[in-house]
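Okay, here's what each chain looks like letter by letter:
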Amino acid sequence: MNTVFESNFSWWLDGSIVGLYLIGVIFAGLWMRRFVSKVDDFLVAGREMKLYLGIASLAATEFGIVTCMYTAQNGYLYGFAGATPGILMALAMLVVGLTGFCIKPLRDAGVVTLPELFQQQFGPRIRCAAGVVIVMGGLLTTGVFLRLGGEFLVGAAGLAEGRLEITMTFLLLIVLVYTILGGMLSVLVTDFIQFVVMSVGLLLVTVLILIRIGWSELVQTVQAHHGSGGFNPFVHEGLGWSYVIFFSLIALSGVLTWQPIVQRVLSAKDTSTGRRVYSATSFFFVCRFVIPGIWGIAALALLPELNGNDTIHAMPKFLAVFVPIGVIGILIAAMLAADMSTNSSYILSWTSVIYNDIIAPFRKGRSSESQGILWNRLIVAVIGLFMLFFGLWYEFKTDIVDYLGIASTVYLSSMSTLLIAACYWPRANDWGAAGALGVGVVIPVTYLILEQTPETSEWVIRNIGPRYSGIATYALAALAMVIGSLMKPSVRVPVAPITLDDAGAR
Amino acid sequence: MSVYFWLILTLACLVWYTAVTIIVAVRGVADIREMMARLGARDSDSVE
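Protein chains in written order, with the numbering used here: chain W, 58 to 563; chain H, 48 to 95.
Careful: at least some of the hints might be erroneous.
Unchecked claim - Here are the simulated SDA-like cross-link-like pairs (lysine to any residue), alpha carbons at most 25 angstroms apart as the crow flies: (1) W:Lys-95 <-> H:Val-76; (2) W:Lys-95 <-> H:Arg-80; (3) W:Lys-161 <-> W:Asp-327; (4) W:Lys-326 <-> H:Ala-77; (5) W:Lys-545 <-> W:Val-499; (6) W:Lys-326 <-> H:Arg-89; (7) W:Lys-95 <-> H:Glu-81; (8) W:Lys-326 <-> H:Ala-88; (9) W:Lys-95 <-> H:Arg-85; (10) W:Lys-95 <-> H:Gly-87; (11) W:Lys-326 <-> H:Gly-87; (12) W:Lys-95 <-> H:Met-83; (13) W:Lys-95 <-> W:Leu-77; (14) W:Lys-545 <-> W:Asp-487; (15) W:Lys-326 <-> H:Val-76; (16) W:Lys-95 <-> H:Ala-77; (17) W:Lys-95 <-> H:Arg-89; (18) W:Lys-326 <-> H:Leu-86; (19) W:Lys-95 <-> W:Gly-167; (20) W:Lys-95 <-> W:Ala-417.
Stated by the list, open to error - Chain W regions said to be covered by chain H (calculated; three or more residues, Cβ under 8 angstroms): (21) 182-196; (22) 249-255; (23) 259-268.
Hint data in this document are derived by calculation from the structure and do not stem from the laboratory. In this text, all values refer to a predicted model and were calculated from it rather than measured experimentally. Cβ atoms here follow ideal geometry from the backbone N, Cα and C, with glycine treated the same way.
Just chain W, same shape as in the assembly:
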């Protein structure tokens, strides 16, 4: 993003609002450091998280600037129908929360990460391999958050060109300070503050849009640009059944296995609390798409000329000139809140997996609690540096949604297969798990390579497309689990022959 947008941002008034918010968050984050004395405190808040704190933390984590930007982009590109993934995610989370599907056995197992559960059924090698896949997919996804968050803030606050790197570094440093020192305890408390600030900002701007632009204008805009498809995803030529099925799979697998979400279950006081957090938070995911979607539609009403990859910037461009002075300070603080809560939670999630599942096999003997905490702090710092340099260096060849879709399918397709099998199919074994992991990586990566290669790009996009590729990955990963597990001979424990004495007794 090279354009400097005009903005209503006032450094005196709005800057003060943002500054006060940042000071409050840093103080709260550092305050929690005093309670960190064990690795469990650092990674899962000592399993002391209760219901309302859990709801705030989950909602804040799963609503970052990147989410806001691509959900608003969905509103711009597809109208109200663009909120379909949010509805699917809410349904998935509600059903999982009410039934306890997978999350009950997961929490009952008392593990810190998913790979730790997989070891119980599939062995230590699968645990390590799963850890690597999770971290790969996780870092590829998280690696772009800082960059996009910086772009949003530079645009919305009207900063000069070239401020992106400084903005990114500044954001990262604040997050790293309290995450390194206080771990999950700091993340929970700062998430809570960030949830409140973020919610106030979101609601304020949405009400402003409905008052100043109006519902009728929004509906007419969608009708004019998208026709009936703007209200019905099955009718929209850019969406359809493949879109609904693909995002249903992403929704269910994400709810079950996306580490930052699942970590709330693992941090809950008990299984019942974990399930209630899921059920109670589920409708939030509808809001997560509908509210920024309204912003995207409003941007379409005022800025209809954007197309291609530029549509991702429609929302910040629109907000910079639509939101009045004073309110824009609250909005920027809200978006900072959204971004910081997501970054801190995601960094901690990948740290858990690296420490618990990748490094663990190489640690000779048990580390002391203080050594364990030090290791985790170092990993947090390294991940932070990765985010900074990856975000500065990586150039997007596809749009953000496609990139995130591919990165997440690498992770979600195999992890959900392994989790369901580990929880409910005793016959599942390491052969099946290895097959599912392999398929889950090979298919989406192959698709990405073919899409990028000039000789095959047009053919693969026209004849397959990212959604059918994604659906096939889920289906084939499950098939690989079944076939691989059945192919491995089951181990039969030899039974000692029964011998009888002369009297016929054993």
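Since the structure of chain W is provided, determine the placement of chain H on it from the hints.
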């Protein structure tokens, strides 16, 4: 008909989100206090 669906959903989002923000803000403070009290008590017990 679908316009009414999205209108109802949008209003539901605004009402639900506002209500949850208020409830979570109030009760979340209590959760944080309790969590800090339990962690503090646990650390005192381990020192003893």
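Evaluated hints:
1. Of the pairs offered as hints, the one joining Lys-95 of chain W and Val-76 of chain H holds, with about 24 angstroms between alpha carbons and a cut-off of 25 angstroms not exceeded.
2. Among the hinted pairs, Lys-95 of chain W with Arg-80 of chain H is consistent with the structure: their alpha-carbon atoms are about 20 angstroms apart, no more than 25 angstroms.
3. Between Lys-161 of chain W and Asp-327 of chain W, the direct Cα distance comes to roughly 10 angstroms. Compliance with the 25 angstroms bound is thereby established for this hinted pair.
4. Distance check on the hinted pair: Lys-326 of chain W and Ala-77 of chain H sit about 15 angstroms apart at the alpha-carbon level, within 25 angstroms; holds.
5. Distance restraint check for Lys-545 of chain W and Val-499 of chain W: the Cα-Cα separation of roughly 22 angstroms lies within the 25 angstroms cut-off, and the hinted pair is therefore satisfied.
6. Restraint check for Lys-326 of chain W and Arg-89 of chain H: satisfied, since their Cα atoms lie roughly 15 angstroms apart, inside the 25 angstroms limit.
7. Of the supplied pair hints, the one linking Lys-95 of chain W and Glu-81 of chain H holds, its CA atoms being roughly 19 angstroms apart against a limit of 25 angstroms.
8. With a C-alpha separation of about 16 angstroms, the suggested pairing of Lys-326 of chain W with Ala-88 of chain H holds against the 25 angstroms cut-off.
9. Only pairs whose Cα atoms come within 25 angstroms are accepted, and Lys-95 of chain W paired with Arg-85 of chain H is accepted, the gap being roughly 14 angstroms.
10. A distance of roughly 13 angstroms separates the Cα atoms of Lys-95 of chain W and Gly-87 of chain H; the hinted pair therefore holds under the 25 angstroms criterion.
11. About 16 angstroms separates the Cα atoms of Lys-326 of chain W and Gly-87 of chain H, which keeps this hinted pair within 25 angstroms; it holds.
12. Between Lys-95 of chain W and Met-83 of chain H the alpha-carbon distance is near 15 angstroms, which keeps this suggested pair within the 25 angstroms criterion.
13. Taken as a hint, the Lys-95 of chain W and Leu-77 of chain W pair is broken in the structure, with Cα atoms around 32 angstroms apart against an allowance of 25 angstroms.
14. Of the supplied pair hints, the one linking Lys-545 of chain W and Asp-487 of chain W holds, its CA atoms being roughly 9 angstroms apart against a limit of 25 angstroms.
15. Simply put, Lys-326 of chain W and Val-76 of chain H have alpha-carbon atoms about 17 angstroms apart, close enough for the 25 angstroms limit, and the pair holds.
16. Restraint check for Lys-95 of chain W and Ala-77 of chain H: satisfied, since their Cα atoms lie roughly 24 angstroms apart, inside the 25 angstroms limit.
17. Distance hint between Lys-95 of chain W and Arg-89 of chain H is fulfilled; the C-alpha atoms sit about 12 angstroms from each other, no more than 25 angstroms.
18. At most 25 angstroms may separate the alpha-carbon atoms for a hinted pair to count; Lys-326 of chain W and Leu-86 of chain H meet this at roughly 13 angstroms.
19. Simply put, Lys-95 of chain W and Gly-167 of chain W have alpha-carbon atoms about 16 angstroms apart, close enough for the 25 angstroms limit, and the pair holds.
20. For the given pair, Lys-95 of chain W sits about 16 angstroms from Ala-417 of chain W by alpha-carbon distance, which is consistent with the 25 angstroms threshold.
21. Only residues whose beta carbon comes within less than 8 angstroms of a beta carbon in chain H count, and the stretch 182-196 of chain W has 0; fewer than three means the coverage is violated.
22. As drawn, the stretch 249-255 of chain W meets chain H at 3 residues by the rule of a beta-carbon pair under 8 angstroms; at three or more, the given contact holds.
23. Counting residues of the stretch 259-268 of chain W whose CB lies closer than 8 angstroms to any CB of chain H gives 4, which reaches the minimum of 3, so the coverage claim holds.
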